[in-house]
Every structure is written in structure tokens, then in C-alpha cells.
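Here's the letter readout for the chains.
2 protein chains.
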Amino acid sequence: MASPEIEALTQALARLPGLGPRSARRAVLHLLKKRETALTPLLRALETVSTRLSTCSTCGNVDTSDPCAICADPRRDQRSLCVVEEVADLWALERSRLFPGRFHVLGGRLSALEGVRPEDLSVDRLVARLSAGGIDEVVLATNATLEGQTTAHYIAERLEGFPVRLTRLAHGLPVGGELDYLDEGTLAQALRARRPID
Amino acid sequence: MASPEIEALTQALARLPGLGPRSARRAVLHLLKKRETALTPLLRALETVSTRLSTCSTCGNVDTSDPCAICADPRRDQRSLCVVEEVADLWALERSRLFPGRFHVLGGRLSALEGVRPEDLSVDRLVARLSAGGIDEVVLATNATLEGQTTAHYIAERLEGFPVRLTRLAHGLPVGGELDYLDEGTLAQALRARRPID
Ligand SMILES: [Zn+2]
Ligand SMILES: [Zn+2]
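Just so you know, the sequences run in chain order C and U. Residue numbering for the first sequence is 1 to 198, as defined by UniProt numbering. Residue numbering for the second sequence is 1 to 198, as defined by UniProt numbering.
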């Protein structure tokens with residue numbers, strides 16, 4: 001039996017998505033065997049992330065500064081806001097370099113199955129950003145899943161009455177597709193062909 | 001694009017066995033989203049392992065003390081030594097609670113393909129332990145792979161002339177099977193039926 005310290009590390013790793021108990025144990029062995037080249041760099045990287053990164057109180061992005069570099073960048077179009085489910089979706093759109101505006105990270109999607117309700121997402125904060133004025137267009141870039149589309153519809157309802165153009169990413173996304181898994185070409189096409197929500 | 005801090009953490013995680021670049025990014029997002037319940041516990045567990053665990057200078061086990069708890073335990077049979085490839089194999093045998101003696105971790109297996117030579121394993125230290133005397137039996141519990149068996153033969157040659165009974169785990173291990181993947185029953189049977197090396 002391994003020591004309690006090793007068991008604790010194994011369990012912490014096993015809780016990560018994509019790692020089960022067995023692969024977590026393999027990972028721990030790798031870390032113990034490669035202290036200098038694997039354990040120490042992972043420890044340092046985690047420390048840095050833990051101490052230096054925080055969530056942007058404006059948009060929900062994760063960065064070393066609050067507001068984040070995107071929110072603080074004066075060259076970005078302040079009149080256009082792109083609403084995404086997760087930080088990963090923001091990163092995916094940033095990699096494509098196609099969206100010139102700013103973001104709003106919801107922190108998830110409405111899900112009866114997972115018990116995610118509107119108050120679990122940052123919808124109130126989105127409404128507050130729009131109430132503050134200066135925004136002309138809101139792109140609802142939720143995933144093309146049932147839950148993502150339900151979330152988009154809910155937000156569209158909440159934003160009724162605001163003088164903004166509500167758009168969503170063009171269909172053309174594969175049905176059931178998640179943004180983070182798409183290639184940049186598909187993403188670019190979907191963004192360029194975005195259209196008003198009826 | 002994610003910040004350099006996040007990229008560094010993603011890369012450190014992606015180098016773990018069983019995690020590719022995409023699952024590492026998912027894991028990072030999970031850590032960022034669940035700071036209190038995922039990131040902090042993982043950080044603490046890594047810190048503890050990094051600061052408190054070391055390699056036993058006698059047997060190669062990993063523990064909070066050197067010599068390790070197994071080497072320091074006076075109730076364990078000091079006359080019987082079980083040679084394994086990796087610490088994981090030691091743990092697998094310890095879980096079965098069937099081996100009453102002590103261990104010697106080689107730190108790998110001979111492999112022409114991977115360029116692992118005898119001097120890369122702790123064979124000299126094993127010879128030194130036997131030279132110090134007091135050991136009656138050496139169980140060569142290397143994997144039932146070609147490389148594991150080659151390693152066992154090499155060690156058997158190196159231990160020629162020592163007044164010890166050399167045994168190996170009984171066949172009954174599935175061919176190509178690795179110790180760490182076996183159920184305890186198979187392991188127990190193989191250990192009970194261990195036999196002398198000709
Ligand atoms: Zn921001
Ligand atoms: Zn030891």
C-alpha cells in the first residue's frame with residue numbers, strides 16, 4: 001500500500017476530468033520518478049496559477065489582472081459583447097482572432113439534468129452590463145447543444161427591451177457540437193454568418 | 001488564447017501519462033473553476049509529496065522516512081528479498097499482503113529499445129545488499145514481459161555464487177502481463193507457487 005501522502009495525491013489527480021483512479025496512480029508514479037522534470041514543474045505551475053490568476057469581475061475570464069487583458073484593452077470594440085458558456089469557449093474564440101469585441105462568460109449552461117438554474121450562471125451580471133449602456137450587439141455564442149440553445153433562448157428573453165442587436169452564431173456548427181472542439185475554420189464561418197435572433 | 005501561466009500548467013499536465021493536450025486543457029479549466037475543491041487540494045497534495053516524500057536509499061521505495069517503513073519494520077522477514085521493477089509493483093504486492101519480506105526496486109527493466117542498460121537500474125545496490133549477508137532468498141518478481149524476463153535472467157547471472165535461493169513468480173501470470181495490472185488472486189497464486197530459477 002502506498003503512503004497516505006501518495007494516496008492523497010492520487011485522489012486529487014483522479015478527480016480531474018479524463019483521469020480515472022488507475023491513470024492517476026500511473027501519473028503519480030511518473031511524478032515520483034521524474035521529480036525534477038515532472039513533479040517540480042507541475043507544482044510550480046499550479047502555485048503560479050493559484051497565486052497569480054483570478055477571475056475577471058467584469059467578464060468572468062481568468063487572467064493575472066482584474067479586469068482581464070481583454071476587458072482592459074482599449075482597442076477592443078466595446079460595443080460588441082460575446083456571451084459564452086465557459087472560459088474554454090472564450091479561449092477558442094480568441095485563438096480564431098475573429099471577434100473584435102469583449103466577452104461575457106456565463107460559467108455554464110442551464111441544465112435540468114445537472115440542476116443548473118439561471119441563478120447559477122452570471123446572467124444577472126450580464127443584464128447589469130447591458131443596463132450600464134454602451135453595448136450595441138450581443139452575440140450569443142453558447143454551444144449548439146440542446147442545453148446551449150435553451151440557455152441562449154433564456155438570455156434572449158432576459159435581454160428583451162434592451163436596445164441591442166441580439167445575434168447567435170450561424171448554424172453550420174455541427175449539431176451537438178461543442179465550441180471548444182471545433183476547428184477554427186468552422187468557428188470562423190459560424191461567426192461571420194451570425195444572424196439576428198427572431 | 002489563455003495566459004502564459006495557464007499554458008505552462010496545461011503543458012505540465014499534458015506531459016503526464018494518460019493526459020494529452022486536450023484533456024490537459026479540460027483539466028486546467030476544471031482546476032480554475034473549482035479552485036477550493038480541486039486546485040487547492042491538488043496543490044497541497046503535490047507540495048506534501050514534494051517536501052515529505054523521498055526515495056528509500058535501501059530499497060528504492062518512496063516514503064516519508066528513509067529507510068522506508070517496510071525496511072524499518074522489525075517484524076518483516078529480513079532473510080527474504082523481493083526484486084521488482086517499479087515502486088508500483090511493490091505497492092501491488094503490498095496490497096496483496098502476501099509477501100512477508102523486504103523489497104528491492106530496480107527502477108525499470110532492461111530494454112534495448114528504450115536504451116535501458118544494467119547501470120541504469122539499481123543492480124549494483126542489490127549485489128551490495130546481498131554481499132552484506134543475512135539474505136536467504138531472492139524472489140525475482142519482474143514483469144512477465146520479454147524485457148522483465150530478460151532483466152530477471154541478467155540479475156540471476158549477477159547473483160551467481162551468492163548462497164541464496166533464487167526464485168521467480170510462478171508462471172500463471174498471463175503472458176505479457178504487467179504486475180501492476182493483475183488482480184490480487186492471480187498475484188497471490190503466482191507468489192505462492194514461486195519456484196527456483198534453474
Ligand atoms: Zn474581463
Ligand atoms: Zn526501503
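Just so you know, the hints here were simulated from the structure itself, not pulled from any lab data. As the structure is a computational prediction, the values presented were derived from the model and not from experiment. Some hints here could point you the wrong way.
Ranges of calculated distance between the beta carbons of each label pair, as one might list FRET restraints [said to hold, decoys possible]: (1) T51/U x A193/C: 28 to 38 Å; (2) P21/U x Q78/C: 30 to 40 Å; (3) G185/C x A14/U: 48 to 58 Å; (4) H30/U x G185/C: 25 to 35 Å; (5) R165/C x E7/U: 26 to 36 Å; (6) R165/C x T51/U: 49 to 59 Å; (7) G161/U x G20/C: 37 to 47 Å; (8) R35/C x H30/U: 23 to 33 Å.
Computed list of lysine to aspartate or glutamate pairs in DMTMM-like fashion (alpha-carbon distance at most 20 Å, straight line) [stated by the list, open to error]: (9) K33/C x D66/U; (10) K34/C x E7/C; (11) K34/U x E119/C; (12) K34/U x D66/C; (13) K33/U x E119/C; (14) K34/C x D120/U; (15) K34/U x E47/U; (16) K34/C x E184/U; (17) K34/C x D66/C; (18) K34/U x D136/C; (19) K33/C x E178/U; (20) K34/U x E5/U; (21) K33/U x D120/C; (22) K33/U x E178/C; (23) K34/C x D66/U; (24) K33/C x D66/C; (25) K34/U x E184/C; (26) K34/C x E47/C; (27) K34/U x E114/C; (28) K33/U x D66/C; (29) K33/U x E114/C; (30) K33/C x D183/U.
Quick reminder that beta carbons are idealized off the backbone N, C-alpha and C, glycines included.
The hints, checked one at a time:
{"no.": "1", "hint": "T51/U x A193/C: 28 to 38 Å", "result": "violated, 54 Å"}
{"no.": "2", "hint": "P21/U x Q78/C: 30 to 40 Å", "result": "holds, 33 Å"}
{"no.": "3", "hint": "G185/C x A14/U: 48 to 58 Å", "result": "violated, 24 Å"}
{"no.": "4", "hint": "H30/U x G185/C: 25 to 35 Å", "result": "holds, 28 Å"}
{"no.": "5", "hint": "R165/C x E7/U: 26 to 36 Å", "result": "holds, 34 Å"}
{"no.": "6", "hint": "R165/C x T51/U: 49 to 59 Å", "result": "holds, 56 Å"}
{"no.": "7", "hint": "G161/U x G20/C: 37 to 47 Å", "result": "holds, 46 Å"}
{"no.": "8", "hint": "R35/C x H30/U: 23 to 33 Å", "result": "holds, 25 Å"}
{"no.": "9", "hint": "K33/C x D66/U", "result": "holds, 16 Å"}
{"no.": "10", "hint": "K34/C x E7/C", "result": "holds, 18 Å"}
{"no.": "11", "hint": "K34/U x E119/C", "result": "holds, 18 Å"}
{"no.": "12", "hint": "K34/U x D66/C", "result": "holds, 19 Å"}
{"no.": "13", "hint": "K33/U x E119/C", "result": "holds, 17 Å"}
{"no.": "14", "hint": "K34/C x D120/U", "result": "holds, 14 Å"}
{"no.": "15", "hint": "K34/U x E47/U", "result": "holds, 19 Å"}
{"no.": "16", "hint": "K34/C x E184/U", "result": "violated, 28 Å"}
{"no.": "17", "hint": "K34/C x D66/C", "result": "violated, 36 Å"}
{"no.": "18", "hint": "K34/U x D136/C", "result": "violated, 33 Å"}
{"no.": "19", "hint": "K33/C x E178/U", "result": "holds, 18 Å"}
{"no.": "20", "hint": "K34/U x E5/U", "result": "holds, 17 Å"}
{"no.": "21", "hint": "K33/U x D120/C", "result": "holds, 13 Å"}
{"no.": "22", "hint": "K33/U x E178/C", "result": "holds, 18 Å"}
{"no.": "23", "hint": "K34/C x D66/U", "result": "holds, 19 Å"}
{"no.": "24", "hint": "K33/C x D66/C", "result": "violated, 38 Å"}
{"no.": "25", "hint": "K34/U x E184/C", "result": "violated, 28 Å"}
{"no.": "26", "hint": "K34/C x E47/C", "result": "holds, 19 Å"}
{"no.": "27", "hint": "K34/U x E114/C", "result": "holds, 16 Å"}
{"no.": "28", "hint": "K33/U x D66/C", "result": "holds, 16 Å"}
{"no.": "29", "hint": "K33/U x E114/C", "result": "holds, 16 Å"}
{"no.": "30", "hint": "K33/C x D183/U", "result": "violated, 24 Å"}
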